[in-house]
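The primary structure of each chain is shown beneath.
Protein chains: 2
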Amino acid sequence: MNTLTSEIEIIKSKTSKINEVDFENLSFGKTFSDHMLECHYKNGKWEAPKVVPYHPITLDPSAKIFHYGQSVFEGMKAYKDANDDIFLFRPLDNCKRLNISSKRLAIPELPESYFMEGLKALLKVDSDWIPKKDGSSLYIRPFVFASGNGFHASPADEYTFLIACAPSGSYFSGKVKVLIEEKYSRSANGGVGFAKAGGNYAGQFYPTQLAIEKGYQQVIWTDDNTHEYIEEAGAMNIFIRINDTLITGPTSDRILDGITRKSIIELAKAEGIPVEVRKITVHEVVAAAKNGSLKEMFGAGTAAVISPISGFGYHGEDFDLPELENTYASSLKKRITDIQTNKCDDPFGWRYKVE
Amino acid sequence: MNTLTSEIEIIKSKTSKINEVDFENLSFGKTFSDHMLECHYKNGKWEAPKVVPYHPITLDPSAKIFHYGQSVFEGMKAYKDANDDIFLFRPLDNCKRLNISSKRLAIPELPESYFMEGLKALLKVDSDWIPKKDGSSLYIRPFVFASGNGFHASPADEYTFLIACAPSGSYFSGKVKVLIEEKYSRSANGGVGFAKAGGNYAGQFYPTQLAIEKGYQQVIWTDDNTHEYIEEAGAMNIFIRINDTLITGPTSDRILDGITRKSIIELAKAEGIPVEVRKITVHEVVAAAKNGSLKEMFGAGTAAVISPISGFGYHGEDFDLPELENTYASSLKKRITDIQTNKCDDPFGWRYKVE
Numbered sequence: 001m002n003t004l005t006s007e008i009e010i011i012k013s014k015t016s017k018i019n020e021v022d023f024e025n026l027s028f029g030k031t032f033s034d035h036m037l038e039c040h041y042k043n044g045k046w047e048a049p050k051v052v053p054y055h056p057i058t059l060d061p062s063a064k065i066f067h068y069g070q071s072v073f074e075g076m077k078a079y080k081d082a083n084d085d086i087f088l089f090r091p092l093d094n095c096k097r098l099n100i101s102s103k104r105l106a107i108p109e110l111p112e113s114y115f116m117e118g119l120k121a122l123l124k125v126d127s128d129w130i131p132k133k134d135g136s137s138l139y140i141r142p143f144v145f146a147s148g149n150g151f152h153a154s155p156a157d158e159y160t161f162l163i164a165c166a167p168s169g170s171y172f173s174g175k176v177k178v179l180i181e182e183k184y185s186r187s188a189n190g191g192v193g194f195a196k197a198g199g200n201y202a203g204q205f206y207p208t209q210l211a212i213e214k215g216y217q218q219v220i221w222t223d224d225n226t227h228e229y230i231e232e233a234g235a236m237n238i239f240i241r242i243n244d245t246l247i248t249g250p251t252s253d254r255i256l257d258g259i260t261r262k263s264i265i266e267l268a269k270a271e272g273i274p275v276e277v278r279k280i281t282v283h284e285v286v287a288a289a290k291n292g293s294l295k296e297m298f299g300a301g302t303a304a305v306i307s308p309i310s311g312f313g314y315h316g317e318d319f320d321l322p323e324l325e326n327t328y329a330s331s332l333k334k335r336i337t338d339i340q341t342n343k344c345d346d347p348f349g350w351r352y353k354v355e
Numbered sequence: 001m002n003t004l005t006s007e008i009e010i011i012k013s014k015t016s017k018i019n020e021v022d023f024e025n026l027s028f029g030k031t032f033s034d035h036m037l038e039c040h041y042k043n044g045k046w047e048a049p050k051v052v053p054y055h056p057i058t059l060d061p062s063a064k065i066f067h068y069g070q071s072v073f074e075g076m077k078a079y080k081d082a083n084d085d086i087f088l089f090r091p092l093d094n095c096k097r098l099n100i101s102s103k104r105l106a107i108p109e110l111p112e113s114y115f116m117e118g119l120k121a122l123l124k125v126d127s128d129w130i131p132k133k134d135g136s137s138l139y140i141r142p143f144v145f146a147s148g149n150g151f152h153a154s155p156a157d158e159y160t161f162l163i164a165c166a167p168s169g170s171y172f173s174g175k176v177k178v179l180i181e182e183k184y185s186r187s188a189n190g191g192v193g194f195a196k197a198g199g200n201y202a203g204q205f206y207p208t209q210l211a212i213e214k215g216y217q218q219v220i221w222t223d224d225n226t227h228e229y230i231e232e233a234g235a236m237n238i239f240i241r242i243n244d245t246l247i248t249g250p251t252s253d254r255i256l257d258g259i260t261r262k263s264i265i266e267l268a269k270a271e272g273i274p275v276e277v278r279k280i281t282v283h284e285v286v287a288a289a290k291n292g293s294l295k296e297m298f299g300a301g302t303a304a305v306i307s308p309i310s311g312f313g314y315h316g317e318d319f320d321l322p323e324l325e326n327t328y329a330s331s332l333k334k335r336i337t338d339i340q341t342n343k344c345d346d347p348f349g350w351r352y353k354v355e
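From first to last, the protein sequence lines are chains A and B.
Residue 205 in the numbering used here is what sits at position 205 of the first sequence, and the numbering runs on without skipping anything.
Residue 136 in the numbering used here is what sits at position 136 of the second sequence, and the numbering runs on without skipping anything.
The following block holds chain A by itself, in its conformation from the complex (with noise of 0.2 Å):
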């Protein structure tokens, strides 16, 4: 792996477009900050990534990302604290994860210092950037995608590593009522369904947009060949309480290793809620709902942290989840964001100061 020689270039804006920004009514991932880092593969190696000002992309009508959808992302936040510290949650695992998907669709995994230095450089310069408001952040847009061109289908020979920020707000707002799938699938064993690549998040949305016309806010996603299993959540990973016992699917080459999942499993065990990573069935999940043994299911992932589910629809049923006055949901949401913010301690060592 290529390793940092020389501090990362940066090349500044010369205005800023920060004083159009409303801080206090912000929406999620629509307004971007003034820099990104931009780094290019070619003949062979990544080159050194700089900050650079905002800006458009220009690419050949030919680029595979066109035609064949050889990308990956990642999704992280910056917090700032009270004394303008900034803060990120386990980094380092989303740059793992980049590289793990990056290998999956060909494409060349990046060297670990080019991401992690060049995420710290252009979080220094864009540090106005992330709000202090409670429930807001600076949401970070790592990714990668096939720049060379032509319309062989195989990979391509340049590809283009970006960083981009977007001061967010809440990804969603309230609970949801979700559908589980029976017809549609989101990966298949031996595909892809692990990575976070592009392709398989554009193959939930038609699903998603036929749920959404009965009166359901998402989808969960069951395996794709008996329909049996509970998966994924919408693009988050999925947590169902039953009783006091909080459940979760094993990770596999269909189910994303989702970062705020492993962090759930783990705060949830050191609080001595009782976990289990296990298949779990929708059959046992509509029996719970009957028996009234069903206490909560969850969405977790870096962009809603937690979204807590209202209820769920099966094969023509609805099933509505009881109001809890203390949720799993509330106080491991609660528990992770003190983390991520520096509101409290980190037993764990998952935060990370940016200096």
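Keep in mind that the hints were calculated from the coordinates and are not lab data.
Owing to the predicted nature of the structure, the values given are computational and were not obtained by experimental measurement.
Wrong hints could be hidden among the right ones.
Pairs count within a copy or across copies, as identical chains cannot be separated in the list.
With a straight-line Cα cutoff of 30 Å, these simulated DSS-like cross-link-like pairs (lysine-lysine) come out [claimed, not checked]: (1) K183 with K262; (2) K175 with K333; (3) K279 with K183; (4) K333 with K343; (5) K183 with K96; (6) K214 with K45; (7) K214 with K103; (8) K353 with K290; (9) K353 with K12; (10) K96 with K120; (11) K103 with K175; (12) K295 with K103; (13) K214 with K42; (14) K96 with K214.
Keeping the supplied structure of chain A fixed, place chain B upon it in accordance with the hints.
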């Protein structure tokens, strides 16, 4: 659906690159003609397409094509006969399939007249780019991608439809040795395998690289659940000849409804070849190879038309196919390309004269 209310607007390139091109030694999909068709979806509708100079595409870094793989494409070819008449092959089927793919990817469907009239206008402007040499053609790439912006994992609000053209020689040269895949998969039940979605191709690159490292050129895809059923050959449909019978798998939500595939089925039937469209197991193919009844295997698709297979690897063992004098592959390929290039009559009505 919108229909065109007037002639397609044409903005001609001020210069031509055609004199830089060696039409005697064309590779596949690396040289592009002077113009392209461009069409934008904005504010809930497709705007009228235009023929414009081939030019780079400029996108915001947050454009959804970079993040969520929302793209579909088609492959077609234009031929010129001795009288300089221009022919396409079943073009309306490509247009219809593009919309079938788009629907599954939550991309707005395109009016048929935009596709057909736009394509014809483009071919007339770039008619000098259509090679006349045997085996060469103008490869045509219609594609649609998400050009709308934002990091939210949901369908874009803007799309771009382009048709670009590349004068091209053969896609493959010679027979290929293939590996029957036992671990990786191309598509899921209820997934997007039947669509020409970008993400389907990116997921194939890494397993194909592994096969190449083992001395094969392509992968034969099997079903993701059992790996017992033969599904596709690389990015093509697959045909298997056992004794005198030609067998191909049925289309499904996992297998592309190939235009070359269905043309081969019709042609073979018309020529008195016994054709079976049914599931075929790896076990059956291996047994046929062992007892000598396996006569031919070939891939079928627009780019390569028919790509004969010399042998296959499975479970650590290699199987060679016989070297026959008269193959279905060569006679069917000649018949299809003769129809495509206006060298024989066309009882099926597949040939489409551009005028």
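Cross-check of the supplied hints:
no. : hint           : in the structure
1   : K183 with K262 : both (28 Å within a copy, 26 Å between copies)
2   : K175 with K333 : within (14 Å within a copy, 58 Å between copies)
3   : K279 with K183 : both (19 Å within a copy, 21 Å between copies)
4   : K333 with K343 : within (13 Å within a copy, 70 Å between copies)
5   : K183 with K96  : between (33 Å within a copy, 23 Å between copies)
6   : K214 with K45  : between (49 Å within a copy, 24 Å between copies)
7   : K214 with K103 : between (38 Å within a copy, 18 Å between copies)
8   : K353 with K290 : neither (46 Å within a copy, 63 Å between copies)
9   : K353 with K12  : within (23 Å within a copy, 55 Å between copies)
10  : K96 with K120  : within (16 Å within a copy, 48 Å between copies)
11  : K103 with K175 : between (36 Å within a copy, 29 Å between copies)
12  : K295 with K103 : neither (39 Å within a copy, 37 Å between copies)
13  : K214 with K42  : between (47 Å within a copy, 26 Å between copies)
14  : K96 with K214  : between (38 Å within a copy, 27 Å between copies)
Violation of the numbered hints given earlier is confined to hints 8 and 12; the remaining hints are satisfied by the structure.
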